[in-house]
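**Student:** Chains as they are written, first to last, in our numbering: chain A, 1 to 149; chain B, 1001 to 1149; chain C, 2001 to 2149; chain D, 3001 to 3149; chain E, 4001 to 4149; chain F, 5001 to 5149; chain G, 6001 to 6149; chain H, 7001 to 7149.
Take the hints with a grain of salt, since some may be wrong.
[What the hints assert, rightly or not] Below, simulated DSSO-like cross-link-like pairs (lysine-lysine); rule was C-alpha separation at most 27 Å, straight line: (1) H:Lys7086 with F:Lys5088; (2) D:Lys3086 with D:Lys3054; (3) A:Lys86 with B:Lys1088; (4) A:Lys54 with B:Lys1054; (5) H:Lys7054 with F:Lys5054; (6) D:Lys3054 with C:Lys2054; (7) H:Lys7086 with H:Lys7054; (8) F:Lys5086 with F:Lys5054; (9) E:Lys4088 with G:Lys6088; (10) C:Lys2054 with C:Lys2088; (11) A:Lys86 with A:Lys54; (12) G:Lys6054 with G:Lys6088; (13) B:Lys1086 with A:Lys88; (14) E:Lys4054 with G:Lys6088; (15) C:Lys2088 with D:Lys3088.
It should be emphasised that the hints constitute simulated quantities derived from the structure, not laboratory data.
Protein chains: 8
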Amino acid sequence: MTLAVYLSGEIHTAWRDDVIAGCTGLDVVFSAPVTDHAASDDCGVAILGPEPEKFWHDRKGAQINAIRTRREIERADVVEVRFGDKYKQWNAAFDAGYAAALGKALVILQPPEHDHALKEVDAAALAVARDPAQVADILRYVLTGALPS
Amino acid sequence: MTLAVYLSGEIHTAWRDDVIAGCTGLDVVFSAPVTDHAASDDCGVAILGPEPEKFWHDRKGAQINAIRTRREIERADVVEVRFGDKYKQWNAAFDAGYAAALGKALVILQPPEHDHALKEVDAAALAVARDPAQVADILRYVLTGALPS
Amino acid sequence: MTLAVYLSGEIHTAWRDDVIAGCTGLDVVFSAPVTDHAASDDCGVAILGPEPEKFWHDRKGAQINAIRTRREIERADVVEVRFGDKYKQWNAAFDAGYAAALGKALVILQPPEHDHALKEVDAAALAVARDPAQVADILRYVLTGALPS
Amino acid sequence: MTLAVYLSGEIHTAWRDDVIAGCTGLDVVFSAPVTDHAASDDCGVAILGPEPEKFWHDRKGAQINAIRTRREIERADVVEVRFGDKYKQWNAAFDAGYAAALGKALVILQPPEHDHALKEVDAAALAVARDPAQVADILRYVLTGALPS
Amino acid sequence: MTLAVYLSGEIHTAWRDDVIAGCTGLDVVFSAPVTDHAASDDCGVAILGPEPEKFWHDRKGAQINAIRTRREIERADVVEVRFGDKYKQWNAAFDAGYAAALGKALVILQPPEHDHALKEVDAAALAVARDPAQVADILRYVLTGALPS
Amino acid sequence: MTLAVYLSGEIHTAWRDDVIAGCTGLDVVFSAPVTDHAASDDCGVAILGPEPEKFWHDRKGAQINAIRTRREIERADVVEVRFGDKYKQWNAAFDAGYAAALGKALVILQPPEHDHALKEVDAAALAVARDPAQVADILRYVLTGALPS
Amino acid sequence: MTLAVYLSGEIHTAWRDDVIAGCTGLDVVFSAPVTDHAASDDCGVAILGPEPEKFWHDRKGAQINAIRTRREIERADVVEVRFGDKYKQWNAAFDAGYAAALGKALVILQPPEHDHALKEVDAAALAVARDPAQVADILRYVLTGALPS
Amino acid sequence: MTLAVYLSGEIHTAWRDDVIAGCTGLDVVFSAPVTDHAASDDCGVAILGPEPEKFWHDRKGAQINAIRTRREIERADVVEVRFGDKYKQWNAAFDAGYAAALGKALVILQPPEHDHALKEVDAAALAVARDPAQVADILRYVLTGALPS
């Protein structure tokens, strides 16, 4: 069994690396959005030309990013969404909703202080983890049946 | 043509009333989540019994609310999501993602200061409005072809 | 909002009547399997002729019952499955799995002594109730936002 | 032709080994739930932390197991469900219903004494076998056209 | 519960009338292909102009008939297919396959002499009846739970 | 049987009126895009505010029109697409492709001089008509079995 | 591009070999039902034990064959159905209907004398061929763009 | 991540080669319709025999081409549609609509003079490019996150 796992959400800490490191030796194929914040913001105008209006500047970029993100979510077996401490993170919650509607296995990684605000998101999830090691432990168990010692 | 319109998102201002008032005479069937904040938070334990852990208190409620919200989104022709000034509003973004994955027509109502943070959500929407009157104008035009005078 | 609710499971107590009575005045359309045990067992051979083998006697009946049950589940907004005290009740669990795969809102009604054995079923449900009044309370809240007083 | 076969149900006898041994040389990819009963029961709390309430202890585990089981059923060409002599086995019937709703080829392995109780499950199946060798014979025939000699 | 029942197949005997008469008082909405053989054969050229080639003459008609038949099958809860004594009746078997792939409840009405030739069709059906009265009895039981006296 | 028919395509002649007039007395519910050319072009900026760039002016309008057109196509039983003598009419061909992918019954209304250019579109259609009366004749036949006298 | 092609229908002549031979060098993966007539008829009872009733004897076999045939049709890009000179061939027409409902590319191979009887089947097909060489030519063209010289 | 990209539309310039050359080193699998205009027009009659009527000559060819084009669109992650300077190009717009209804990521390549006529098509697209190099840049960014320098 190969698991395709999409790592959505926060792009300002190294949590993806921690999940991936924790899954060493497992048959997992990871994917993620473009995590270079500046590139992600500006890809639309960098490729297709400038826009005087910031709204359309953003739109052009967000639509190109959607080519990648929607496709990866559609291909994933597990969609793991990380909510961090900062920013609005509406794109993370959007991805969670998108994945839920497609029937994907949803795993949320969040600090306890967000529990109440994320209750509707969590209600669609199969697991709510507190740190990347738990996410890796879930993937290991799902693939091998082995529990953390 | 009857339009089923689900009004998702912010529950602390009267924007739903404004949209509905603006659609007087149109063949629209509106639906919405339970907008009584306390009832929405506590429905799980009020009906099914108390939980010592806040996490499960929230979970029981959020799951019961999901019976209503998922069904209404699935039935809707248009999902209108309002982002307000306060709170995390991750459930609003989750609904937007859920609706987008189902191919619903998505209309977002948001103040300009959220434009950048909502760019991924907006990129899946067919319209981004600034006030409830615009939402009503869109629905009137979609149903009758009439533009605001 | 009209809710279509399918009442699956146990046919030896009057729980369906209790749920329906508790929903007086609500816009709910209830459906159920044929609850006449003898008719349900023998419908195949009663209509299409006898079978010497009990296995095919059962098969003919179960397939005719499936015309009704699968269609009602597919049409339902909420699938409510009752597990009682007696019998194997595999058809109840089958209905729950069928409903879950179709993305229906699943509500389970079960006594606490079955909690461990039903944990996989419950994990797909949006609510686990203990008595029919709670099921009615859920439906009332979902439709009207009103909590039990 | 490669067949993906999910072996659901009873975890207390070696029937999976028998099916797999009987398919030696065939192009079959087998999958199964985690069959270590203790790990399966406790995976939720072992990974994500303890729960004082047994109900939520079970729920956390069952949801993590669902990451694996639902995905394997969705990927399978054939879902083989074994009903044994003991326990409630509602998860087995749930899997059968889940697979049936997805249009999977369903093969049930059951002793004759369960025939009447399983008639609704069997009515959705393409074969009802009595022992693992028959299951292997079915898979061999489906893949190669060869009948048991 | 209203049942939408599509009556496919043989158009040279009055079996549809018999089924409909047997369902007096039931909440069934029947539909059928155009049963005027000449109109069904010639509708394409009668409406859209003549074709020198018989193959395209037939094609134009069959495609117009498909507007009706595919839509009715897609809308039906039950697809009842009658195989009679004469003709190739490949359109009947085609309808049965079409309905099966859509997950419709399939009821076949056939004389015993066709049993072997129809075994693949029957294997996808929930009932195989011998006369129109049995079909009506099935629909009555499905809707009301009443068995023939 | 009620037929939902969406009349897509050319908006500069009265062909829709002719089809509708030809269907007098039939159980057809017609729908169409907004056929006021100016309103259709400008609805985006008229409702949501002006855009300095013509590209986004068009985009805002086209997206609002899509709320109506996609929904009507999804609801339709028959999608009738008219290609006229003028303009690029790419939106008509787009609608045809959209309808084809959804498995809708597609009827094309086109002059013979477009036959070669429309061959890929026609290849997905169940009928190619030359004038609105033929379209009405098709709908009459589909609903009643009556051919033009 | 690899094409998965399912060769359905007649099992008494060598037409499958002819198609396959004609596709030498092409990237096609062929599949087919079990073409050993006796094995296909008796597989149910040979594996699962005898049935006194011929009807159930046939049913057990047809259901096991369906494990293979339905799966192959669902996996196929092209479903090629051959109608020969003999037998009822309702299973061939059933496969064609099944494939059509799934949106598969359907190619029919039939002698001209069956044209009228097969007009509904042909109306769902993208090609009607007269001999296996034409089928191979179609597959070659679809894969490489090369026409027969 | 491998991206399957279908290059639809204009067949008279070398834009496909330019896109492909611009993607050197990327994990993209390109596909396209048959771009030999004469072969594409005549494949039907060349393989299946002549037709006296041009309409059916075209139909036979267009249907065979549809075996390839529909399948490639269904398999694609990204559908790139090029509108050139000449011809009606309704098949390009049809492909865009077909892809949009399937939820594919749509990228349009068009000169500015077509912007107004293509506004409904563009409204369904995630990017509108002006030259093949931009298309390649989009694919490179989607796959690697790298922007053009």
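**Student:** Does the structure keep Lys5086 of chain F and Lys5054 of chain F at a Cα separation of 27 Å or less?
**Tutor:** holds, 22 Å
**Student:** For the pair we were handed, Lys3086 of chain D and Lys3054 of chain D, check the Cα-Cα distance against 27 Å.
**Tutor:** Between Lys3086 of chain D and Lys3054 of chain D the Cα gap is close to 22 Å, so the pair holds against 27 Å.
**Student:** Holds or violated: are the alpha carbons of Lys86 of chain A and Lys54 of chain A at most 27 Å from each other?
**Tutor:** holds, 22 Å
**Student:** CA of Lys2088 of chain C to CA of Lys3088 of chain D, is that 27 Å or under?
**Tutor:** holds, 7 Å
**Student:** Keeping to a limit of 27 Å between CA atoms, is the pair of Lys1086 of chain B and Lys88 of chain A held or broken?
**Tutor:** holds, 11 Å
**Student:** Just to be careful, I want the Cα atoms of Lys54 of chain A and Lys1054 of chain B compared with a cutoff of 27 Å; is the pair within it?
**Tutor:** Cα-Cα ~41 Å, so violated.
**Student:** Quickly compare the C-alpha distance for Lys86 of chain A and Lys1088 of chain B to 27 Å and report which way the hint goes.
**Tutor:** Distance ~11 Å between Lys86 of chain A and Lys1088 of chain B Cα, so the pair holds.
**Student:** Assess, step by step, whether the Cα of Lys7054 of chain H is no farther than 27 Å from the Cα of Lys5054 of chain F, and give holds or violated.
**Tutor:** violated, 41 Å
**Student:** Hint check: Lys7086 of chain H vs Lys5088 of chain F, CA-CA at most 27 Å. Holds or violated?
**Tutor:** holds, 11 Å
**Student:** Next pair to validate is Lys4054 of chain E with Lys6088 of chain G; report whether the Cα-Cα distance is within 27 Å.
**Tutor:** Holds - the C-alpha atoms of Lys6088 of chain G and Lys4054 of chain E are around 23 Å apart, at most 27 Å.
**Student:** Holds or violated: Lys2054 of chain C and Lys2088 of chain C, Cα atoms, limit 27 Å.
**Tutor:** holds, 18 Å
**Student:** Given the hint that Lys3054 of chain D pairs with Lys2054 of chain C, test it: the Cα-Cα distance must not exceed 27 Å.
**Tutor:** violated, 41 Å
Violation of the numbered hints given earlier is confined to hints 4, 5 and 6; the remaining hints are satisfied by the structure.
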